[in-house]
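Please construct the entire structure, taking both the sequences and the accompanying hints into account.
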Amino acid sequence: MPNGEGLPPEIIDAIAVSNAKSIGEQPAILANLALANQIANTNLSQQNAISNQQAMFQLQMATLSKCVEVILGTDASSSKAVQQMKEFQAFFSQIMAQLSAVANGTQKPAPNGGTRNGGSKSRAKKSTRRR
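According to this note's numbering, the sequence shown is numbered sequentially starting from 305.
Treat the hints with caution; some may be incorrect.
To be verified - Across the chosen pairs, the derived CB separations fall in these ranges:
no., residue 1, residue 2, range
1, Ala340, Ser369, 24 to 30 Å
2, Ala359, Ser381, 16 to 22 Å
3, Asn323, Gln358, 35 to 41 Å
4, Ala335, Glu309, 14 to 20 Å
5, Gln398, Gln357, 18 to 24 Å
6, Ala380, Gln342, 58 to 64 Å
7, Phe361, Ala394, 32 to 38 Å
8, Ala401, Leu339, 41 to 47 Å
9, Ser404, Ala335, 41 to 47 Å
10, Met360, Met389, 24 to 30 Å
11, Ser404, Ala340, 35 to 41 Å
Don't read these hints as lab results, they were simulated from the structure.
Given the structure is predicted, the values throughout are model-derived calculations rather than measurements.
All C-beta atoms in this analysis are idealised placements derived from N, C-alpha and C, irrespective of residue type, glycine included.
Spelled out as structure tokens, the structure:
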């Protein structure tokens, strides 16, 4: 240290330049962080939409397979076959209408993944399994 007066002027100038550079870069760094946050949120939103779409597709396929099972399982020679088919048609058209309403966003799904009619969650899961 010359003359005992503190830091040399070169060091003071170097510190001032470094501080000015840090302050000048801060808005760009914050903008990059904001952009990264926005990209991450968009990615999560898209993953959530795909997950919901896949869940609806699986539910629709399970419903359709159950319809086919019921139709093929009905004995055409039975005297009650026509009545059974009418009842099944009414029931399955009601289910498909509810699925469409949930898929279009006009109706919210049942809370906690359960059924709206008070049934248990385990029964709702069992009905979607393939046999």
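Going through the hints against the structure:
| no. | hint | in the structure |
| --- | --- | --- |
| 1 | Ala340 x Ser369: 24 to 30 Å | violated (43 Å) |
| 2 | Ala359 x Ser381: 16 to 22 Å | violated (39 Å) |
| 3 | Asn323 x Gln358: 35 to 41 Å | violated (52 Å) |
| 4 | Ala335 x Glu309: 14 to 20 Å | violated (41 Å) |
| 5 | Gln398 x Gln357: 18 to 24 Å | holds (23 Å) |
| 6 | Ala380 x Gln342: 58 to 64 Å | holds (60 Å) |
| 7 | Phe361 x Ala394: 32 to 38 Å | violated (24 Å) |
| 8 | Ala401 x Leu339: 41 to 47 Å | holds (43 Å) |
| 9 | Ser404 x Ala335: 41 to 47 Å | holds (43 Å) |
| 10 | Met360 x Met389: 24 to 30 Å | holds (26 Å) |
| 11 | Ser404 x Ala340: 35 to 41 Å | holds (38 Å) |
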